[in-house]
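Can you build the whole structure from these sequences, using the hints too?
The primary structure of each chain is shown beneath.
There are 4 protein chains.
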Amino acid sequence: MNFTSDNSFGAAPEIIEAMARANEGALGSYGADPLAARVEERLREIFETDLRVFLVTTGTAANALALASVSPPWGTVFCHAEAHIAEDECGAPEFFGGGLTLRHLPGKDAKIGQEALAHAITECGARGVHQTQPAALSLTNLTEKGALYTPDEIAALADIAHAGRCAVHLDGTRFANAVVASGETPADLSWRSGVDILCLGATKNGALAAEAVIFFDPQRQEAAISSFAFRRKRGGHLVSKGRLLSAQMDAWLEGEFWLNRAAHSNAMGQRLATGLRAIGGVGITNDAAANILFVTLPLAIHRRLRAAGAAYYLEPASQSEEGDGVSVRARLVCSPSTPPESVDSFVGLCAENGAAPA
Amino acid sequence: MNFTSDNSFGAAPEIIEAMARANEGALGSYGADPLAARVEERLREIFETDLRVFLVTTGTAANALALASVSPPWGTVFCHAEAHIAEDECGAPEFFGGGLTLRHLPGKDAKIGQEALAHAITECGARGVHQTQPAALSLTNLTEKGALYTPDEIAALADIAHAGRCAVHLDGTRFANAVVASGETPADLSWRSGVDILCLGATKNGALAAEAVIFFDPQRQEAAISSFAFRRKRGGHLVSKGRLLSAQMDAWLEGEFWLNRAAHSNAMGQRLATGLRAIGGVGITNDAAANILFVTLPLAIHRRLRAAGAAYYLEPASQSEEGDGVSVRARLVCSPSTPPESVDSFVGLCAENGAAPA
Amino acid sequence: MNFTSDNSFGAAPEIIEAMARANEGALGSYGADPLAARVEERLREIFETDLRVFLVTTGTAANALALASVSPPWGTVFCHAEAHIAEDECGAPEFFGGGLTLRHLPGKDAKIGQEALAHAITECGARGVHQTQPAALSLTNLTEKGALYTPDEIAALADIAHAGRCAVHLDGTRFANAVVASGETPADLSWRSGVDILCLGATKNGALAAEAVIFFDPQRQEAAISSFAFRRKRGGHLVSKGRLLSAQMDAWLEGEFWLNRAAHSNAMGQRLATGLRAIGGVGITNDAAANILFVTLPLAIHRRLRAAGAAYYLEPASQSEEGDGVSVRARLVCSPSTPPESVDSFVGLCAENGAAPA
Amino acid sequence: MNFTSDNSFGAAPEIIEAMARANEGALGSYGADPLAARVEERLREIFETDLRVFLVTTGTAANALALASVSPPWGTVFCHAEAHIAEDECGAPEFFGGGLTLRHLPGKDAKIGQEALAHAITECGARGVHQTQPAALSLTNLTEKGALYTPDEIAALADIAHAGRCAVHLDGTRFANAVVASGETPADLSWRSGVDILCLGATKNGALAAEAVIFFDPQRQEAAISSFAFRRKRGGHLVSKGRLLSAQMDAWLEGEFWLNRAAHSNAMGQRLATGLRAIGGVGITNDAAANILFVTLPLAIHRRLRAAGAAYYLEPASQSEEGDGVSVRARLVCSPSTPPESVDSFVGLCAENGAAPA
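Residue numbers (the numbering used here), protein chains in the order written: chain A, 1 to 358; chain B, 1 to 358; chain C, 1 to 358; chain D, 1 to 358.
Just so you know, the hints here were simulated from the structure itself, not pulled from any lab data. All residues carry an ideal CB built from backbone N, CA and C; glycine is no exception. Incorrect hints may appear among the rest.
To be verified - Okay, the calculated bits of chain B under chain C, using three or more residues with CB under 8 Å as the criterion:
hint: 1; region: 224-236
hint: 2; region: 261-267
Said to hold, decoys possible - Some residues of chain A that are not near chain C, with every Cβ distance over 12 Å (derived):
hint: 3; residue: Asp152
hint: 4; residue: Ala229
hint: 5; residue: Ala300
Take a look at the structure:
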């Protein structure tokens with residue numbers, strides 16, 4: 001019963017096998033291997049458009065390098081206050097971006113509202129050199145709080161961003177989950193809705209450590225792409241044996257593998273949601289569109305779960321195991337490796353007699 | 001009738017004369033002149049304690065260098081969302097601080113509330129290396145919105161900051177106004193209330209371009225002081241003919257000169273407030289403790305003022321001259337050079353018949 | 001006949017198998033897995049001392065993060081002009097180090113001479129804040145030009161460095177080759193000779209992508225270690241599924257595996273050297289102590305090798321395939337995967353009749 | 001007898017008077033004053049071309065901001081190993097440039113040779129993303145070692161730089177001295193010879209603290225100019241009371257004032273050179289084209305000068321007052337304030353009986 005993160009499990013066996021296969025023989029180093037070319041070709045197919053891709057090992061590197069490539073040091077990146085780049089990357093965007101600034105925006109379930117964005121962009125930089133200037137909008141889909149942007153929502157935000165001279169970045173660490181949950185195509189959830197750069201994450205969805213930074217419309221983005229290439233090397237993110245990354249990504253994107261993995265995570269998330277909704281005292285506080293639930297657990301239930309070995313994080317991180325003395329707030333994440341039995345056991349423990357606190 | 005800024009006027013004649021006097025002969029360069037030593041001595045007197053001082057030409061440099069000296073690149077600086085460092089320095093703290101992060105806090109009239117600070121510090125960095133860490137609290141007194149912190153308020157915030165391993169920085173671009181308006185001593189408004197570093201601004205109060213960065217308790221702050229010295233040079237802020245700065249600061253601090261200047265600004269501000277309070281339709285929206293007023297002006301009055309040549313900025317900067325069609329919001333700043341006649345003319349124009357919009 | 005780099009081949013099968021084994025089950029993420037702890041313990045054994053280790057994926061990240069942790073932005077890092085950090089990392093040390101400065105030193109075969117170092121340190125920073133200050137000495141062993149530092153040589157340089165308030169960093173991307181070639185212990189080639197931080201590279205010697213940054217005497221280096229931890233995350237180098245790295249390093253350090261791999265590379269290098277020394281017209285220009293040779297190849301031999309498919313880089317990188325019209329300068333690197341037959345074929349091609357230019 | 005630096009004296013009285021005059025009344029702040037516009041117009045006259053100018057207080061800020069505006073963080077700036085940016089700015093170019101790299105070139109009297117530059121640019125960046133890329137050539141005229149580049153020499157270097165995709169920056173801290181010493185026009189010594197950005201220094205030549213960063217061909221350099229504007233503010237170098245700078249520069253550029261000042265410094269330098277050449281044992285080691293001499297002084301003479309109160313710096317900075325026990329190497333700088341009597345006294349002391357060491 002491990003619901004801590006989609007990072008807690010290893011990679012899919014298929015990914016490990018692909019890495020082993022790719023290990024044979026002498027190949028071009030630093031990304032000049034045939035698998036890397038194949039990955040780029042495959043992504044063009046999946047996204048139905050021309051694009052340029054760079055592979056890196058972590059989501060933090062992917063996001064920060066991408067943003068640094070489209071923002072000057074005096075640029076402002078608009079993001080949700082609970083975005084991964086704002087809360088979980090120890091200032092990586094600021095570091096890679098030479099001291100760029102994140103502007104935190106509000107919104108339910110880590111989704112940015114159009115009005116808030118429009119207002120923030122209008123205010124930003126109005127006093128010229130005295131202020132940092134609008135540079136990028138960073139969205140996350142699936143959001144950090146488990147919610148989903150539709151293509152229309154993305155397009156509306158992207159239009160505001162582009163009108164304000166901002167590039168549109170999408171943190172897609174759980175993009176596969178978003179594709180599956182929405183039933184939309186990868187293209188509709190990205191460039192067709194105005195996304196300029198997508199960080200497509202495989203690590204949380206079957207890979208060991210592989211993220212693809214995708215620049216759409218590469219001719220228009222030539223300067224950003226060149227910048228990215230130098231920043232990646234300079235940031236220590238150009239691995240010498242490039243097959244480490246290309247083999248993972250190649251296997252992950254083969255056929256429907258990547259989507260099937262996400263489909264399982266999402267199904268487990270929905271199974272968990274359905275189960276918990278039936279239990280008095282347990283509340284689901286987010287719009288749990290895919291594999292992430294935020295819940296309120298009565299203290300008695302929480303203690304019983306912990307006693308049975310259930311693993312999950314409390315929210316916020318500074319919350320104690322006693323919460324407010326009545327209940328705790330918890331994040332529950334289902335991964336491609338989560339077995340249905342785990343979900344059922346968890347729900348079962350919640351449902352036992354005496355669950356509700358006195 | 002210029003109420004745009006305390007920057008719009010030149011320096012006090014006394015300051016220019018002092019610069020002319022100091023210009024004679026060969027002196028040590030790069031701060032090794034006798035006036036610089038005298039300034040440090042004088043500041044020890046004024047603040048009744050040991051300290052170490054560095055002079056620079058701009059408030060932006062003073063603040064950014066000071067914060068960079070006490071925060072690692074992965075540090076968080078807590079400040080008000082409307083602080084000068086957040087809104088008017090084009091990301092200078094982030095630049096000098098190697099990509100440090102500002103955390104914006106709310107509060108009426110740009111004053112940070114104790115609860116908001118305590119909460120923000122507790123949340124910050126709770127997930128270890130995944131998050132930037134508490135590094136500094138930055139206050140401004142007089143605040144950007146014209147309000148005043150009392151020594152007790154500063155001490156309460158400083159206690160929270162220190163308990164959270166934060167240094168306390170005070171942007172004192174209008175510190176003289178705060179001293180005069182509060183009736184407190186410089187010591188009580190700074191180190192005795194827990195301030196570690198004070199950026200004491202003379203530029204807005206009579207100097208041409210001179211700011212003093214003061215480190216209290218210099219033995220304890222030895223590392224920050226050494227860091228500051230290198231950062232100042234490396235930032236291009238160590239002027240070769242150091243007397244440029246030391247002569248200004250020496251003259252400004254002589255006797256009660258610096259306080260007398262602020263007393264005049266404050267008196268003009270209060271005269272303006274008193275005048276405007278008597279006028280129907282004009283509203284003062286801030287706690288105008290010294291020389292800065294934020295007001296709502298009916299459109300008819302605003303047009304009449306503009307027609308008469310009155311100069312002031314609208315708030316926010318992106319607001320049009322028509323405001324919301326009914327009124328505009330304006331910032332009115334009185335300077336050491338503001339004559340009472342200007343104030344009275346301004347009030348007179350506001351008060352004319354027909355002032356109130358239909 | 002691939003002598004381009006020790007990066008051109010995949011990982012050792014043992015490493016891939018270890019990664020597959022480590023892939024099972026849910027483990028702590030971000031380095032909190034049991035293998036990571038075991039790696040640290042094993043390194044303590046190998047180096048016969050207490051230490052603290054961080055794993056990263058690339059040598060560039062290892063070096064740059066290490067140097068940034070011991071140098072302020074106004075620090076100078078002394079290194080050989082042909083060091084990897086100076087020539088092959090696209091300014092990564094400057095980037096991670098907030099704009100630190102590398103000072104290039106001369107010396108045969110990329111070895112720094114004691115006198116050159118002593119002189120450079122003495123000159124550096126003599127004018128106080130006007131100049132960057134001595135911060136670190138960076139050595140490489142085996143050097144980029146294939147030569148070896150003895151423990152005595154390292155100790156002499158480290159003494160000079162420490163006397164000049166510099167930390168001593170060792171780029172050990174080929175440290176295993178140095179241990180084998182010298183017959184010295186890992187301890188004698190590192191901390192016993194004054195090395196403070198060792199970047200121990202496994203990638204060029206059997207791993208897929210794994211480098212260990214080792215801080216010796218961890219209590220003394222507590223500040224640098226804490227700085228490293230934040231910089232690693234902020235640099236996007238803290239991989240979520242930490243087992244990716246710990247599994248590689250654990251397998252690589254098991255028994256004599258790491259040394260056996262280097263022993264093979266070195267043996268191939270010496271076999272190549274012996275073969276080439278017997279051939280007229282071919283000159284070995286470096287002190288080829290292990291697996292790297294720099295050679296002058298007559299043009300006729302070079303063409304014959306190329307025609308037969310031999311792969312190697314010309315030096316400098318900007319040299320054309322025609323060299324100076326008479327000969328080319330080439331770098332030949334033997335890897336753990338280089339078969340003796342490759343070496344013998346290469347030598348055989350060189351030795352054919354007509355090899356020597358007219 | 002102060003020959004330490006052209007910084008040791010205050011400003012010319014004319015400059016102080018101009019500052020006092022400009023101090024009257026309310027003016028636009030942050031560079032929006034009429035004097036700033038007049039300075040730009042005057043510079044167009046002097047340089048006989050269109051240009052865009054920014055004023056800052058220090059040469060370090062001028063150089064570092066200029067270089068950062070034309071180099072990416074992964075750029076290499078080619079400069080002489082003894083250039084001010086390499087030796088006296090504490091890494092300011094690296095700081096402002098986000099970790100850019102300086103490549104030190106050799107050459108007599110701090111003049112860069114064409115062959116050395118051509119070679120360095122060709123080698124630089126040949127391995128693509130693994131290396132920093134050519135970005136700018138930085139020259140200094142008058143050089144730090146007192147020598148002069150002719151327009152032809154500048155043009156030859158600029159041609160090499162431009163062919164290698166480098167912008168050409170000229171550190172003109174003593175540009176006035178170069179104009180006077182060469183008899184060439186400001187235009188011929190700058191843009192007509194290929195200079196893209198000139199940092200024109202007034203501080204060492206009569207101003208208190210004023211440097212003009214001049215972008216020639218402003219339409220072509222639009223991106224660099226915009227970058228500069230933000231970097232200046234963000235670097236804390238946009239002074240609020242801009243008249244501080246514009247008044248100095250305006251007065252300095254009026255008529256022939258700036259050139260007359262330099263003419264005096266140069267004449268004093270030549271008077272000193274003529275005097276010393278006649279003295280046995282004293283050697284002038286540089287090509288002293290203007291106001292800077294590097295000399296070897298026998299120890300007896302050096303002691304006699306010191307005893308008489310002569311002030312000058314020894315070279316290198318780390319040299320002791322005893323030099324090598326036989327002689328010391330000294331730098332002698334004449335300033336606009338150096339009286340002929342000082343020169344004559346200095347020469348006289350050197351010439352006294354017993355001057356030559358035993």
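Just double-check alanine 229(A) for me: nearest Cβ-Cβ distance to chain C has to come out over 12 Å. 10 Å, violated
12 Å cut-off, C-beta based - alanine 300(A) kept clear of every residue in chain C: 26 Å, holds
Under a C-beta cut-off of less than 8 Å, do 3 or more residues of the region 261-267 of chain B approach chain C closely enough to confirm the stated coverage? Our answer is that it is violated, as 0 residues pass the Cβ test (under 8 Å) against chain C, missing three.
For the region 224-236 of chain B, does the count of residues with a C-beta closer than 8 Å to a C-beta of chain C reach 3? With 7 residues close enough to chain C, the hint holds.
When you look at the beta carbon of aspartate 152(A), is every beta carbon of chain C farther off than 12 Å? Since the minimum Cβ distance to chain C is about 32 Å, aspartate 152(A) lies beyond 12 Å and the statement holds.
Violation of the numbered hints given earlier is confined to hints 2, 4; the remaining hints are satisfied by the structure.
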